[in-house]
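K.L.:
The chain contents come next:
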Amino acid sequence: MPQYFRDSPESLVPDALAGFAAAHADLVAYHPDHGYLRARHPAPTRRVGLVSGGGSGHEPLHSGFLGMGMLDASCPGRIFASPHNRQIFEASRAVAGPGGVLHIVKNYTGDRINFGIAAERLHHEGIACARVLIDDDLATDSDDIAVGRRGTGATLLIEKILGAAADEGRGLDELAALGTELTGRARSLAVAAAAHTAPASGAPAFGLPEGVLEFGVGIHGERAEGTTPHAPLGKLVETMTDQLLAALPDGSRSRVLALCNGLGSITSLELYGIRHALAKALDTRDVALDRSLTGTFVSALDMRGFSLTLLASDAETLRLWDAPARTPAWPL
Amino acid sequence: MSDRPGSNTLTRDSVAAWLISFAASVRSVEPELTALDQQAGDGDFGANLATGMDGVRRALDALTAVPRSDGDGPAAPLAAAARVFLDDVGGTSGPLFGLLFQELADALYDASPALPATAALATGTAAGVAAIQRVGEADVGDKTMVDALVPAAKALAECPPTADPAAALHLAAVAAHRGALSTSGLRARRGRASYTGDHSRGVPDPGALAVALLFASANEEVTVLNRLPEH
Numbered sequence: 009m010p011q012y013f014r015d016s017p018e019s020l021v022p023d024a025l026a027g028f029a030a031a032h033a034d035l036v037a038y039h040p041d042h043g044y045l046r047a048r049h050p051a052p053t054r055r056v057g058l059v060s061g062g063g064s065g066h067e068p069l070h071s072g073f074l075g076m077g078m079l080d081a082s083c084p085g086r087i088f089a090s091p092h093n094r095q096i097f098e099a100s101r102a103v104a105g106p107g108g109v110l111h112i113v114k115n116y117t118g119d120r121i122n123f124g125i126a127a128e129r130l131h132h133e134g135i136a137c138a139r140v141l142i143d144d145d146l147a148t149d150s151d152d153i154a155v156g157r158r159g160t161g162a163t164l165l166i167e168k169i170l171g172a173a174a175d176e177g178r179g180l181d182e183l184a185a186l187g188t189e190l191t192g193r194a195r196s197l198a199v200a201a202a203a204h205t206a207p208a209s210g211a212p213a214f215g216l217p218e219g220v221l222e223f224g225v226g227i228h229g230e231r232a233e234g235t236t237p238h239a240p241l242g243k244l245v246e247t248m249t250d251q252l253l254a255a256l257p258d259g260s261r262s263r264v265l266a267l268c269n270g271l272g273s274i275t276s277l278e279l280y281g282i283r284h285a286l287a288k289a290l291d292t293r294d295v296a297l298d299r300s301l302t303g304t305f306v307s308a309l310d311m312r313g314f315s316l317t318l319l320a321s322d323a324e325t326l327r328l329w330d331a332p333a334r335t336p337a338w339p340l
Numbered sequence: 004m005s006d007r008p009g010s011n012t013l014t015r016d017s018v019a020a021w022l023i024s025f026a027a028s029v030r031s032v033e034p035e036l037t038a039l040d041q042q043a044g045d046g047d048f049g050a051n052l053a054t055g056m057d058g059v060r061r062a063l064d065a066l067t068a069v070p071r072s073d074g075d076g077p078a079a080p081l082a083a084a085a086r087v088f089l090d091d092v093g094g095t096s097g098p099l100f101g102l103l104f105q106e107l108a109d110a111l112y113d114a115s116p117a118l119p120a121t122a123a124l125a126t127g128t129a130a131g132v133a134a135i136q137r138v139g140e141a142d143v144g145d146k147t148m149v150d151a152l153v154p155a156a157k158a159l160a161e162c163p164p165t166a167d168p169a170a171a172l173h174l175a176a177v178a179a180h181r182g183a184l185s186t187s188g189l190r191a192r193r194g195r196a197s198y199t200g201d202h203s204r205g206v207p208d209p210g211a212l213a214v215a216l217l218f219a220s221a222n223e224e225v226t227v228l229n230r231l232p233e234h
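Chains A and B are the protein sequences, given in the same order. For the first sequence, my numbering gives the first residue as 9, with consecutive numbering after it. For the second sequence, my numbering gives the first residue as 4, with consecutive numbering after it.
No lab work stands behind these hints, which were simulated from the structure alone. Virtual Cβ for every residue (Gly too), placed ideally from N, Cα, C. Check the hints yourself; a few may be wrong.
[To be verified] Distance windows between CB atoms, simulated: (1) B:G93 <-> A:P237: 42 to 50 Å; (2) B:V69 <-> A:H131: 25 to 33 Å; (3) B:V69 <-> A:S209: 30 to 38 Å; (4) A:A211 <-> B:R61: 36 to 44 Å; (5) A:T53 <-> B:D142: 36 to 44 Å; (6) B:G144 <-> A:T188: 44 to 52 Å; (7) A:T275 <-> B:D64: 57 to 65 Å; (8) B:G93 <-> A:G27: 22 to 30 Å; (9) A:R14 <-> B:G93: 17 to 25 Å; (10) B:A133 <-> A:P240: 49 to 57 Å.
[Stated by the list, open to error] Here chain A is said to cover these stretches of chain B; the calculated rule only asks that three of the stretch's residues, wherever they fall, bring their Cβ under 8 Å from a Cβ of chain A: (11) 94-108; (12) 130-142.
With the hints as constraints, model all of the structure from the sequences given.
P.N.:
Laid out in structure tokens, this is it:
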């Protein structure tokens, strides 16, 4: 039975936060009394604070992207559980600029409610607050799902692009509109060959027969609607690419920015192979791969799988993407 | 203006007594709230609410230890309750009660001869429902606390602004209670209970019942205390 290296199930998150803050003390500050982390050196040109957060277990999201050019504060919850509204409220109060504070929220019920309560409290204190809701997961794109698509890999791409836009001194409404527009042209899809290990029991969150992939898995071990035979990689990536491209808005499929993301325990060797297969699939379909990121950025504890995110790109998006960022986990 | 409480005002003491009465009611029905939540939710609502109201009781003790000042009116106990529920209560329904307390406190801060207590209660309840609906995205019929809050707000809004607040709160309690009972026949579409599908049918929503309990707790305390002479 696989086991986590930790003192107790409860110690995983707080110990990691303490270690993270100490390891990156030049870039981030941890405020354990209020349960948030903040960037030490935000750009002086920034007028709106950027705050994100969500359950732990997706590292390096979100705290790994605190710093110049990206987030101002992050609010980690317990594993796969929303942060409390108080964490978000206090973090937002601390980093709000003269133009207010923008919440970047992955579409999960708990996150929506807790960020929503924090927003009500901020309004009550006279602090302007707006929200970008990230809902990029193609596997949950169905009229039967009342709560809408989940938020997954696109979160990282949007945090980067919004960070660069915020550094240009843009206002709250403009940033919120940009974030919503970016979300509309980003879609993700994830597959897994094995579930993550549940921290409390040490058992896999779900079982999969050998040679079968969970196709459309969530980042909390949510089962997919179906499975697929473990096809050769090229074929699998082509299927995913076709579905993702078809879901991008009409007229925006000629150029993309891509994320090849590990879900926790996939090797870097495999991920670069996936990057290679994606480039081939896009090339065959006459889609230009403008920029890409390859690595483990939005994980699901130790799930053995990967996700692909495609974001329809244009010159302005690339300009913001290429702007400098310095955070504990941004690789460029 | 006399600072003596008349039949159409609320005082710090009467509002504090209302909340203390609510705390006692919550404690006494906590097992029932928990049992209901276990049938259709994750079972933590009764405990979260009871722990929250214990915190409010402690905050009110601290409040009443502070000498009265001119600005220390009926809003203060509700503002204290809002802080406790928003900062310290877990789950989602608990902090949503905090938003209701916050809006009620705001409205009562603004109470004046031009905005009598009953009008302020109506304004605060309506603002609380609006905030809860913005955050929780629930409508009437979704089997949530909104099913009790919306009729309560409506009952308050229909009272003449100068009506006795105790009488107005009584009407709100009746309306909230009717709304809470109506949730028995509904299938949950929002909140944790929505994941359990038809299991939620036949069971009233514990959050809606707690709202009814809140307004019902006001009735007696506000009536009795408002008739006591100031000492």
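K.L.:
So which hints don't hold here, by number, going up?
P.N.:
The structure conflicts with hints 3 and 6, although it agrees with all the remaining ones.
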